[in-house]
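Same order as they appear, the protein sequences are chains A and B. Residue 1 is where the first sequence starts when you use full-length UniProt numbering, and the numbers rise one by one after that. Residue 1 is where the second sequence starts when you use full-length UniProt numbering, and the numbers rise one by one after that.
To be clear, the hints were calculated from the coordinates, so they are not data collected in a lab. Positions of the beta carbon are idealized from the N, C-alpha and C atoms, including for glycine. Warning: the hint list may mix true and false statements.
Unchecked claim - Result set (DSSO-like, lysine-lysine): computed pairs, CA atoms no more than 30 Å apart in a straight line:
| no. | chain 1 | residue 1 | chain 2 | residue 2 |
| --- | --- | --- | --- | --- |
| 1 | B | Lys-41 | A | Lys-260 |
| 2 | A | Lys-17 | B | Lys-260 |
| 3 | B | Lys-151 | B | Lys-204 |
| 4 | B | Lys-151 | B | Lys-59 |
| 5 | A | Lys-260 | B | Lys-241 |
| 6 | A | Lys-241 | B | Lys-184 |
| 7 | B | Lys-241 | A | Lys-74 |
| 8 | B | Lys-260 | A | Lys-41 |
| 9 | A | Lys-241 | B | Lys-241 |
| 10 | A | Lys-204 | B | Lys-241 |
| 11 | B | Lys-155 | B | Lys-184 |
| 12 | A | Lys-204 | B | Lys-260 |
| 13 | B | Lys-204 | A | Lys-241 |
| 14 | B | Lys-155 | A | Lys-260 |
| 15 | A | Lys-260 | B | Lys-204 |
| 16 | B | Lys-155 | A | Lys-241 |
| 17 | A | Lys-260 | B | Lys-184 |
| 18 | A | Lys-260 | B | Lys-59 |
| 19 | A | Lys-45 | B | Lys-151 |
| 20 | B | Lys-6 | B | Lys-241 |
What the hints assert, rightly or not - One-sided and incomplete, this derived list gives chain A residues near chain B with beta-carbon spacing under 7 Å:
| no. | residue |
| --- | --- |
| 21 | Gln-39 |
| 22 | Lys-41 |
| 23 | Ile-42 |
| 24 | Tyr-130 |
| 25 | Val-238 |
| 26 | Ala-253 |
| 27 | Ala-264 |
Number of protein chains: 2
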Amino acid sequence: MMDVAKRNNVKITGQGKTAIIFGHGFGCDQLVWNEVIDQFKIDYKVITFDYVGSGQSDKTAYSQERYSDLYGYKQDLLDVCDSLEDDSFIFVGHSVSSMIGMLASIERPELFSKLVMIGPSPHYLNEPGYQGGFDKSDIIELLDMMEVNYKEWAKYLAPVVMSNEDRPELAENFEQLLCSNDPKIARQFAEVTFTSDMRSELSKLTVPTLIMQTQFDAIAPLEVGQYVHDHIANSRLVIMKAMGHNPHISDAAETATVIKEYLAG
Amino acid sequence: MMDVAKRNNVKITGQGKTAIIFGHGFGCDQLVWNEVIDQFKIDYKVITFDYVGSGQSDKTAYSQERYSDLYGYKQDLLDVCDSLEDDSFIFVGHSVSSMIGMLASIERPELFSKLVMIGPSPHYLNEPGYQGGFDKSDIIELLDMMEVNYKEWAKYLAPVVMSNEDRPELAENFEQLLCSNDPKIARQFAEVTFTSDMRSELSKLTVPTLIMQTQFDAIAPLEVGQYVHDHIANSRLVIMKAMGHNPHISDAAETATVIKEYLAG
């Protein structure tokens, strides 16, 4: 039998009964949630994990085929849920994990009571009538850069993702986190993420969903958050005080508070 | 001694201890809160009132001088609070009442534990570097129209304010509400509202503040909500599913839920 706990480096903590599971974004691992989950340990059963290929997951379980689109990652999430005794989860996903959680919730709506999306984007490319924020040439350049000089790419991307120029340590730490990835796996995950188009899936989601956007997010701009909000039937959109694409890292307290408020509703 | 309860037609209901007070916007009265407050009666002491000149307030208490700016209305709110035995209030203000509540909270920060602003605007006019949504000529035209043909003005304004074209009864009812006002008082209140500039006050507010915006608000557009959010230190911005400037009327359930979530945080 597959040992999901080991494969996905599943960690369980907290004193509560309600299960809340946190999904990290591209280039990250479960440690990014450390400060946020501290705020949930008293009232929740807190589950974190690494997608296969990320963090301390079993990298031998990675296959280019399974993780050639977001459905492979969706299956990771469902596998983690099914490996636990709980029969209902709150899922908090950052960035591409928002879409992974959405796919899981569409397939198994009974498994998820609420969804929290932090900086979601269903499609990163600009299209006629849709502003995803990136031109195709931007994405190609980014993926090429990853291949040619992964470290240079990390150095370029980290401050763009983090914003908060007045706190340079945030970008430095994030650069290190990006550099801790296997470059080949990260390259494929980046391609899967940045070329995905989940726009037509949004309307299939029935689980109540909180969308969290920051004031300035270079990866998922406000218009994208509004698009997501418009297309999910049962959603709420909160604009945070935080800036940048990683509020769970840069502003963990506000991130936890906004999530808790929504869950209390 | 001044009988504030009578002057401002103060109504108290609910079974809870925590006092929550609702301030109506321009052209309205406390009845606009009816559906929303139903959701608060179990857990709160619910207070509604009419500003002098509106609803069933004592119109003989109206004076052009006292109500020549928002500070007169701010004093109404403080008078109502001081007439009650509670020493701390949550204040929920719609539209111009958001700014009235802000002024009261700046003067007496200890009196308010939390502030909720629904569709606030600190300044309705476009200025260099600020998009309030209206040109000066729009405002002059609106005020002239009120004077020349109040009913025609109400008929014009109601659908603009309410949006939700698919629910024409909303605009019809709001038109009737506007028509129930004393045209002279309403004309002065409109001028006070639409020519106010509270932008420099925002940063003086220290009370935690929830800002609620709808997806499409012709009176207070999203950019204005973001401006308010940017300039209040301790604020949260929620974008609702509702449309139009009066979500407490058109979408009372969502309005109540969003407020409750914030208060639970």
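Query raised in the report: If you draw a straight line from the CA of A/Lys-260 to the CA of B/Lys-59, is it 30 Å or shorter?
Result: violated (44 Å)
Query raised in the report: Within 30 Å, alpha carbon to alpha carbon, are B/Lys-241 and A/Lys-74?
Result: Given that 30 Å is the threshold and the Cα spacing comes to 27 Å, the pair holds.
Query raised in the report: Any CB of chain B closer than 7 Å to the CB of A/Lys-41?
Result: Violated: closest Cβ of chain B sits about 18 Å from A/Lys-41, beyond 7 Å.
Query raised in the report: Is it true that the CA of A/Lys-17 sits at most 30 Å from the CA of B/Lys-260?
Result: Cα-Cα ~23 Å, so holds.
**Report entry** Distance restraint between B/Lys-155 and A/Lys-260, which requires alpha-carbon spacing of 30 Å or less
**Finding:** violated (43 Å)
Report task. May I ask you to test the interface hint for A/Tyr-130 with respect to chain B, counting a Cβ-Cβ separation under 7 Å as satisfied? Result -> A/Tyr-130 check fails; min Cβ-Cβ to chain B is 17 Å, beyond 7 Å.
Query raised in the report: Is B/Lys-151 close enough to B/Lys-59, meaning Cα to Cα at most 30 Å?
Result: holds (20 Å)
Query raised in the report: Taking 30 Å as the top limit, are the C-alpha atoms of A/Lys-241 and B/Lys-241 close enough?
Result: holds (20 Å)
Query - Given pair status - B/Lys-241, B/Lys-6, alpha carbons within 30 Å - result: Status violated; Cα separation ~37 Å.
Query raised in the report: With a cut-off of 7 Å, does the beta carbon of A/Val-238 approach a beta carbon of chain B closely enough for the hint to hold?
Result: Where the cut-off is 7 Å and the nearest Cβ of chain B is about 5 Å from A/Val-238, the hint holds.
**Report entry** Hint consistency between A/Lys-45 and B/Lys-151 [alpha-carbon to alpha-carbon, up to 30 Å]
**Finding:** Not OK: A/Lys-45 and B/Lys-151 at ~59 Å, beyond 30 Å, violated.
Query raised in the report: Taking the least C-beta to C-beta distance, is A/Ala-253 closer than 7 Å to chain B?
Result: violated (12 Å)
Violated hints for the displayed structure, listed by number in ascending order: 3, 6, 14, 16, 17, 18, 19, 20, 21, 22, 23, 24, 26.
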